[in-house]
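2 protein chains.
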Amino acid sequence: MTNPTAAMLVIGDEILSGRTRDSNMHHLAQRLTEHGIRLLEARVVADDHAGIIAAVNDLRARFDHVFTSGGIGPTHDDITADAIAAAFGVAITHRADAMARLQAHYDRAGVPFNEARQRMARIPDGAALIDNPVSTAPGFTLGNVHVMAGVPNIFEAMLAGVIPTLTGGAPLLSQSLRINRGEGEIASPFGALAADYPDLSMGSYPFIQNGAHGTNLVIRGTDAARLDQAMVRLAALFA
Amino acid sequence: MTNPTAAMLVIGDEILSGRTRDSNMHHLAQRLTEHGIRLLEARVVADDHAGIIAAVNDLRARFDHVFTSGGIGPTHDDITADAIAAAFGVAITHRADAMARLQAHYDRAGVPFNEARQRMARIPDGAALIDNPVSTAPGFTLGNVHVMAGVPNIFEAMLAGVIPTLTGGAPLLSQSLRINRGEGEIASPFGALAADYPDLSMGSYPFIQNGAHGTNLVIRGTDAARLDQAMVRLAALFA
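Chains F and B supply the protein sequences, listed in that same order. The first sequence runs 1 to 239 under this note's numbering. The second sequence runs 1 to 239 under this note's numbering.
Check each hint, because a few of them may be wrong.
[To be verified] Coverage of chain F stretches by chain B, computed from C-beta distances (three or more under 8 Å per stretch; other residues unrestricted):
| hint | stretch |
| --- | --- |
| 1 | 70-77 |
| 2 | 188-194 |
| 3 | 199-205 |
Keep in mind the hints are simulated off the structure, nothing from the lab. Idealized CB from N, CA, C, for every residue including glycine.
Given these sequences and hints, build the entire structure.
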């Protein structure tokens with residue numbers, strides 16, 4: 001498959017401590033799959049300057065796109081923008097257009113646009129802003145790295161603005177068959193079928209329901225006709 | 001903090017395609033935090049031999065423990081055990097004790113111990129088995145890498161057996177304060193407090209409820225007295 005590739009970088013001690021359950025990864029995975037971009041890796045790293053830089057530089061070299069979530073708020077533990085600037089070796093400043101958006105937002109709300117809130121206008125040189133329709137403070141795209149908020153509804157709103165600007169590939173299609181047999185019973189014929197379709201990806205995902213073993217068999221690919229053909233053979237095997 | 005460190009490696013196309021939502025990371029994070037082991041990174045990679053090897057070798061060199069989930073079943077897409085063996089440069093064979101456990105399990109169930117099921121007895125040389133009280137097929141520990149199943153109830157049961165065997169550190173404590181103010185309002189005094197307690201980790205996590213901004217302030221550390229002292233000051237700041 002020649003679809004564009006992507007990685008995600010989740011930045012946040014709160015995920016790694018078990019305090020918060022990440023949901024942005026699952027959302028991103030679904031949106032990218034629809035858009036024909038293959039998410040091939042996801043990472044969660046701590047709020048650590050050097051650690052973020054190392055992860056960003058590794059991922060942006062290996063994938064067409066990197067999507068980050070978390071660490072772009074006004075508090076001392078929000079260090080993502082500085083780390084991204086350092087990763088690219090560019091300066092970071094309070095940018096005029098971001099300052100103007102935030103100033104207008106806080107003026108409307110009647111609260112002071114204080115120093116902490118002004119931190120959210122710090123954008124690495126050369127970046128394009130990502131709109132934040134929820135709470136104004138923008139994300140940004142620098143090179144192939146898309147930097148977004150960690151709060152799920154803000155992440156989702158930012159991503160909805162970014163996705164249409166990206167060149168997608170053929171949609172990544174999948175079909176699945178749920179059977180009431182364990183993996184050990186179907187592994188051999190399923191493996192043989194997978195070998196006949198090297199252009200498709202076939203996976204099996206076991207479950208236990210009411211004490212009985214079952215399996216979801218999933219076939220993924222971009223050629224709908226091939227997928228249909230393989231599903232017919234799969235259904236015949238396990239009917 | 002001198003607590004032992006850990007990373008997680010989730011292996012599975014089904015997470016990256018958005019078909020399945022991972023829950024093992026959150027469970028592991030909570031269990032490790034209780035046991036005084038700091039989870040510092042988590043990764044999700046695809047069912048790809050070379051990719052798994054590269055990730056395992058990177059993580060096992062950088063952290064005291066690596067916990068993997070997924071890819072140890074009987075089907076063709078279960079390639080974790082082989083990749084771990086390759087990462088360590090050791091052979092992998094159908095091991096006698098794992099074969100015996102599985103043979104007894106399938107004899108009791110009255111189903112054939114076929115070639116696919118026998119694949120689950122393939123264990124890298126030098127590994128110690130991890131018990132699977134749910135469905136028998138064992139995980140294993142090789143060096144500092146603990147290889148477990150991806151099905152959540154099996155992952156959790158295996159982990160429950162592994163954790164007590166690991167040297168923990170002082171429990172990683174946390175206390176939190178929920179306030180009805182946005183981050184931008186509290187960032188400056190909260191940052192000053194954090195600077196007074198370099199031995200503690202302080203984070204702020206914004207939320208929006210009924211259209212109003214609020215923030216959860218979290219302090220983490222291993223010294224309960226210091227944590228209490230900082231929380232008293234935090235409460236005084238934002239009472």
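Q: Confirm or reject the coverage of the stretch 188-194 of chain F by chain B under the rule of 3 or more residues with a beta carbon closer than 8 Å to the chain's beta carbons.
A: holds (count 4)
Q | Whether chain B covers the stretch 199-205 of chain F (at least 3 residues having a Cβ closer than 8 Å to its Cβ atoms) | A | holds (count 5)
Q.
Just to make sure I understand the rule, a stretch counts as covered if three or more of its residues have a C-beta closer than 8 Å to a C-beta of the chain. Does the stretch 70-77 of chain F meet that for chain B?
A. holds (count 5)
Checked against the numbered hints given earlier, this structure breaks none of them.
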